[in-house]
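K.L.:
Following the hints, put chains B and C in place on chain A, whose structure we already have.
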Amino acid sequence: MKRKIGAFDLINGLVMLLITITMIYPFWYVLCYSLSDMGLTGGSKLLLWPRGFSLDSYTVAFSNATIMHGFMISVARSVLGPLLMLFISSMAAYAISKNDLVGVKWIRRFLFFSMYVSAGLLPGYILIRTLGLTGTFWVYILPGVANVFNIVLIRAYVETLPAGLEESAMIDGATYATVFFRIVLPLCVPVIAAVTLYACVGQWNSYIDAQLYNYRNPELYPVQYILYNYIAVKAPTKEASAAAHGLITTAHSLRMSVTIITTIPILLVYPFLQKYFASGLLVGAIKA
Amino acid sequence: MTHGVQTAGKRVALQKMVRQRQLYLMLLPAVVSVAIFTYAPLFGWWMAVSDYKLGKSIFQAPWAGFKYFEEFFTDTAGAGHVIVNTLVMNVAALVLGLVCALAFAIFLKEVRWSKFRRFVQSASFFPYFMSWVIIYAVIYALFSNDGAVNASLQSLGLIDKPLNILGNPNTSWGLIITVDVWNILGYNSVMFIAAIAGIPEEQYEAARIDGATRFHEMRYVTLPNLIPTLIVLLILGSGSIFNSYLDQFFIFTNTLNISTMEVFDYYIYRFGLKQGNFSYATAVGVVKTIVSLILLVGVNWISRKATEQSLF
Amino acid sequence: MKRHRFLRILALTLMVTMLIPTFASFASAEAADEEYVIQLIVSSAQTHSRSDETPIGKIIKDKFNIVFEYLPVNDDSEKQSLMLATGDYPEIIRLEGGDMVQDYIDADALVCLDDYIANSTYFKQRYAEQIPYWRASSEDGKIFTWQRYVPSDLTNAPEILDIGVRSDMLEQQGWPNLVSEDDWFNFLQKAMQDNPETNGQKTVGMVLPLAESWGPSLLTEFCEKGGETNDQGTNDAVVWNQVEQKWVPTWTLPAVIDSYHFFNRLYQAGILDPDCFTDTYDQVQEKINSGRALSVWYCTWMSSSANATLVSNGNPNMQYINMPVRSNAQVAAGLKRQIRVETTRPFDSYAITKNAKYPDRIFALLDWALSDEGQILLQSGVEGTHYTLVDGKRTPTDAYINGVLTNPNYNTDEGFDLASFFGACKQGDDQGIAFNLQAAPVYYDEIFLSDRQKEAYKNLGWSNSLEYWTKTGELAPTGLAATCILDPDSDEGKLDEKFKAWIAVAATKLVAAEDFDATWAELNKEYEAMGVDSIVNKYNEILATNQERYNQYVTNP
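Those sequence lines, one after another, are chains A, B and C.
According to numbering that gives the first Met the number 0, the first sequence is numbered sequentially starting from 0.
According to numbering that gives the first Met the number 0, the second sequence is numbered sequentially starting from 0.
According to numbering that gives the first Met the number 0, the third sequence is numbered sequentially starting from 0.
Treat the hints as calculated values from the structure; they're not laboratory data.
Hints may contain errors.
Said to hold, decoys possible - Subject to a maximum C-alpha distance of 27 Å in a straight line, what follows is the list of computed DSS-like cross-link-like pairs (lysine-lysine):
{"no.": "1", "chain 1": "C", "residue 1": "356", "chain 2": "B", "residue 2": "52"}
{"no.": "2", "chain 1": "C", "residue 1": "141", "chain 2": "B", "residue 2": "55"}
{"no.": "3", "chain 1": "B", "residue 1": "287", "chain 2": "C", "residue 2": "201"}
{"no.": "4", "chain 1": "C", "residue 1": "123", "chain 2": "C", "residue 2": "60"}
{"no.": "5", "chain 1": "C", "residue 1": "245", "chain 2": "C", "residue 2": "493"}
{"no.": "6", "chain 1": "C", "residue 1": "123", "chain 2": "B", "residue 2": "55"}
{"no.": "7", "chain 1": "C", "residue 1": "499", "chain 2": "B", "residue 2": "287"}
{"no.": "8", "chain 1": "B", "residue 1": "160", "chain 2": "C", "residue 2": "78"}
{"no.": "9", "chain 1": "B", "residue 1": "304", "chain 2": "A", "residue 2": "97"}
{"no.": "10", "chain 1": "B", "residue 1": "66", "chain 2": "C", "residue 2": "497"}
{"no.": "11", "chain 1": "B", "residue 1": "160", "chain 2": "C", "residue 2": "201"}
{"no.": "12", "chain 1": "B", "residue 1": "52", "chain 2": "C", "residue 2": "497"}
{"no.": "13", "chain 1": "B", "residue 1": "55", "chain 2": "B", "residue 2": "66"}
{"no.": "14", "chain 1": "C", "residue 1": "493", "chain 2": "B", "residue 2": "287"}
{"no.": "15", "chain 1": "B", "residue 1": "287", "chain 2": "B", "residue 2": "52"}
{"no.": "16", "chain 1": "B", "residue 1": "160", "chain 2": "C", "residue 2": "356"}
{"no.": "17", "chain 1": "C", "residue 1": "78", "chain 2": "B", "residue 2": "55"}
To be verified - These stretches of chain A come out as covered by chain C in the derived footprint (C-beta under 8 Å, 3 or more residues):
{"no.": "18", "stretch": "122–128"}
{"no.": "19", "stretch": "212–226"}
What the hints assert, rightly or not - Label-pair distances were calculated between CB atoms; the ranges are:
{"no.": "20", "chain 1": "C", "residue 1": "188", "chain 2": "B", "residue 2": "152", "range": "19 to 29 Å"}
{"no.": "21", "chain 1": "A", "residue 1": "137", "chain 2": "C", "residue 2": "77", "range": "18 to 28 Å"}
{"no.": "22", "chain 1": "C", "residue 1": "327", "chain 2": "A", "residue 2": "70", "range": "57 to 67 Å"}
Being a predicted model, the structure only gives us computed values, none of them experimental.
Ideal Cβ placement from N, Cα and C applies to all residues, glycine included.
Chain A on its own, in the form it takes in the complex (with noise of 0.2 Å):
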């Protein structure tokens, strides 16, 4: 039944207007600061277009040779990271889920309170040696595998769906595991498809462990670390070099143009899972 279109409407559509204005323009002055000549730019001022027009800083930020292997280091631990991650943890969200679980209550408060307990830096440092994963690409997913704050989240999730559907099918012999991956799996998708954003931009944008675990290995560098290496390592000579060889940049331009390198990637991937958490799905046809 199609509603007609009220005032409601407009003041809603503005309001979202404005506020898309406000998460966006941060974005577009970076994109704009990052292809502007920065021998012109020198003030504080707001920026709606580049001022001039130049990609020094993507030529300057491109020159380091090891960001193409970089992104496939990226890439590969941003999809196998949230699939391992997206497996453990929704089983173990499932049978949780489960108030009838021999130990369950135990099991919860096991899992929850690791969220806020920190051993510190060191001793997890000495964990990952001891265990072998220094200089190693598994040391970006495992640790992450279990991750408590999605396991949370898909239990309650899970525990919104209606129970008869489960009864009924184990009833008819389904075994747990059969319930989980035929029937409530499915019906998770929204939290799922969630879930794996934050899990795909968590994984994407951490260069720490790297930082870490990694440094002495540069063929395990994800792009996000060689950027901010390529930033955080002094800065000052490269740029009046970068100056005296025609390119002009600054520290500054150099950090906008790889935040958007860094994020163009990312953003590529939501709209795609943005379709499967933001539909909605006809639950209603499904109750047996």
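P.N.:
Using the frame of chain A, we list chains B and C on its own:
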């Protein structure tokens, strides 16, 4: 209870466990992972009560009593304002952040034009990708003494001297809270949007049959379905209210606003974490963990009493 | 039969034991011959991953069969602590500061160099001045590290950081030779009145990055401009009196009070950028890149990038040059400036760690590197490629000059980065030409100053860009001052941390104060309540201890 009944009870439980073995199997990887990666390193807490020397094994460090805890408490005794700063900013950002995200999700659903709706939702995620250095660059462009905001206010004749927003102890809280809410609006709202997507259509149909207007639908169908998610996120967030992103505060804190901008983690970083003083840092970590857990349990309990919903 | 067998076994055993030394020497001969790859953590992004891809690195490989693998990673003190805690340090390591070095020594992570030094050829000679100081700074007198950028002498132009100022402003006012704070105040005030805008943006008189962690110490810099003190030491609570060779408190030093007062004047007159308290390095760089800032305090190294930008966007006359400043009192007193020349430099210590596979080979390379020949290779490059000998004097080739000026990666391309690990001594050969051609005064101005900068100095009547300072300053070797390090875990160390936090806020209040004297008096009460004198006394105690030790070692190195 007689002994007989107890053992019988135990036997029943064991039988149940066997029946539920698949569930245990499904739990196994997660539990093992958490045990290894989160609980195992707790051996490091020995550093908090020992004189740990860099380069030597943690276990060889001699017992030092609670002197690092004492040191921590004496250091922070004069730092009550730091705790206040931290709590005010974090609690406000948590509550406001979630409430705004919830409202945003609800109103977003009401947008008719699906393409626009998807665009707005995608846009809301953008801030999450930016590092604090970049965010500050934009804020600087807007709010510094020569920034756009001051420039326009001055040219409109509303003020004659520029407002120093970035270096004013009175604006610290408002600035950080606003920035935080803005930053995670998209991130938080994803959960709410997913929850909305899972609301069965029948609930809406039923409401409409009862003569509900659009506003009734929002208030009596959408909103109640989101409350569970809101509560879960609030409880989860409550355990972290003493934590702050150091990147953020390194950039925003300066000598002009430090009295209200200084947060707990920043304070500890400046005084305790220098030069590999791991023992002190660990002691602080222990205190924080204990306090966070108490908070978590407390908020969870309150939630159970008030709404009958809780995490554990 | 048994005896036969027994004899056979005996013979076999004898043969084997005789052969073992042969095998062993085989092995160590192999060790000497085999290519030795060492991972180095470097502080700038690299174009090559291995040193033998550079001309300088090739020569080292040919001579020593040692190749370096570069790891461009941020090795700040946090990272250094972590590396120590996990035993994951590289074979040759750079350590920041005396207390970090001490931590490593305590953890038995460094190789003691005493035996190597005793048998060395060039190490002993090169560091003859330094060795007693190094021994004096530790309790047992053992040496575990060497340092970068020492020794230094007159062949290398000293580093002077006063005020970078826009040359067109000087031109506008007839090329005044600014020195005193009054000169600068009046000059900047007039310049701002005459130039309210620059390229469409509001002009600011002076910028400085106070939001950086080292920001607050910028406000006390008058202490080094002329008089008995200079800003030796990384401490904010004490200042080094070179003439009297002792530590004095910073807060009560007249030059420091004048320093704060100067900034207060600038702030009240609207000359000092009101954003300076919240400005970071980046923001200041932006302001001078655009020429919007008429002057930059102390951070004159930032001008080179700004100048290049100004040239390329058509404003070459706006380029910045470095000009002197002194307080009025200092001008009146007319004392020489104590130009800090570092005798020791614990901030930049290098060591061979216990993880080194062949420490002997590393030290052999180090020893050779510290000879004149070694330093020339590492800092000047390869003869014929980077420099030629004209009348026996090293002269940069056109390729070198061109490379330095136009190639952003020239230093890393050619392998000059290695010098950091092997002394990078600020000295010269017996012709008096610095090892590092870029630091040689005789070449510096010619090659590295832009036309506009040369023009500016000429118009000011200077014969070279350092003339004012060489005339009015004297070299102040840091000597024992640099060996005084406060233990961060001691009571004084903790008080020092609190002081640092306090001074940052106090300095801001002073600069922004409407009534300077009243504010200073109030803050002084707070200062006295803290009892900072204990820090000063502690430093002087450490100085005395080290002095005693030094006296011992200088006679028995």
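K.L.:
Broken hints, numbered, in rising order?
P.N.:
3, 6, 8 and 16
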